[in-house]
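K.L.:
Whenever a hint applies, use it, and build me the whole structure from the sequences.
Line order of the protein sequences matches chains S and D. Anchor point for the first sequence: position 185 equals 185 in the UniProt record's numbering, and the numbering is continuous, going up by one each time. Anchor point for the second sequence: position 33 equals 33 in the UniProt record's numbering, and the numbering is continuous, going up by one each time.
Some hints could be false.
The list treats identical chains as one, so a pair stands whether inside a single copy or across any two.
Said to hold, decoys possible - Computed list of lysine to aspartate or glutamate pairs in EDC-like fashion (alpha-carbon distance at most 20 Å, straight line):
(1) LYS37 to GLU99
(2) LYS180 to GLU152
(3) LYS65 to GLU140
(4) LYS83 to GLU55
(5) LYS67 to GLU152
(6) LYS65 to ASP172
(7) LYS85 to GLU186
(8) LYS37 to ASP126
(9) LYS67 to GLU99
(10) LYS37 to GLU84
Just so you know, the hints here were simulated from the structure itself, not pulled from any lab data. Every value quoted in this text rests on a predicted model; they were computed, and no experiment measured them.
In case you want the letters, here they are:
Number of protein chains: 2
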Amino acid sequence: MPKQVDHDQRKQTIAEATWRVILQQGMEGASVRNIAKEAGLSAGALRHDFSSQEELLRYAMNLVKEKAAARIKAILTLELPPKEKVLRTLLEIVPTREETRAEMEVWMAFTTYFRHKQTGFDAQHDGIYQLMQYLIAYLEQQGLLETGADQELEAERLYALIDGIALHALLDSQRLGAGKISRILEYHLNSMMDAAEN
Amino acid sequence: MPKQVDHDQRKQTIAEATWRVILQQGMEGASVRNIAKEAGLSAGALRHDFSSQEELLRYAMNLVKEKAAARIKAILTLELPPKEKVLRTLLEIVPTREETRAEMEVWMAFTTYFRHKQTGFDAQHDGIYQLMQYLIAYLEQQGLLETGADQELEAERLYALIDGIALHALLDSQRLGAGKISRILEYHLNSMMDAAEN
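P.N.:
Laid out in structure tokens, this is it:
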């Protein structure tokens, strides 16, 4: 068992080194050689855990997703007023602090990179769309969604809004800081909800 | 003068070849060699017009921007009901047909690529944010914006929505086709506007 733990721990260390390399140098710099150096390992050691650069990149990408999913799951189980719960969930996805900013940057780099690989990584199926559908259905169940709201279009709209904000926060963090992101999201939630509930 | 025309024409040909290479192979394939081949020119001829790969990529990127700007300008001068004018403008930006899809794909590739260059291309200043501010102010002037709407937040929200839709339409065109994009945008416009005006 310790051997498996060591193995998993080392893979995690390598994945984290991969994120740092991408953050510093972009996807162009994410060679096995650079990643091994950042992780303090030999390229040979790295090849022991990952048979190819692509396998390594996929592993590192999945770990980003799992980290975010674990945080969101924790929030969804909290006892909170529905609007606050939805807002806090959304704020775990968009980049409002160092951790989520790095995640989003790495995620964008991966997504663009894998778009032109034959083996097409399912970058679009990151679970965020399903989460948006869930949040809209949750607001509806709580009786908070405006009368006549179209749940399908609301989920699409929220999904696009979230990823658009994430993109802009990365490209222009001066204009779109954490405070403004919260205001936009709260404004949007209010606009979806019955006036009486705001 | 004909010489200058030839020169501009050839630069345009090269820029268009650059777009095609990026569409087919991604940014990784956008070498001077590949672009020259696609344009039917020698690498030497290409270097005559552009002193570096980066200069060429910047030129090709700017041309994407100019093409879209020209189309939008044409729509804004049309005599149309305000809501339709805004909707048609938005539909020129998001990928709903071959031309805008290719533009957006190339634009995303450029944006990601230039993020890690020291000479940082101003990818975030693509003029779309200013256009969104203009459209919101226009709806307000026409008396169509909902009472109490916050123009700054509405512009941010529309900007994020547009780029989010663009991103999703690229990554998952099956789910987000032209018809659905129109429905989301119209739904959003209706939600911003006074109920009496819908």
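K.L.:
Output the numbers, in ascending order, of every earlier hint that fails for this structure.
P.N.:
Per hint list: 1, 3, 4, 5, 8, 10 violated.
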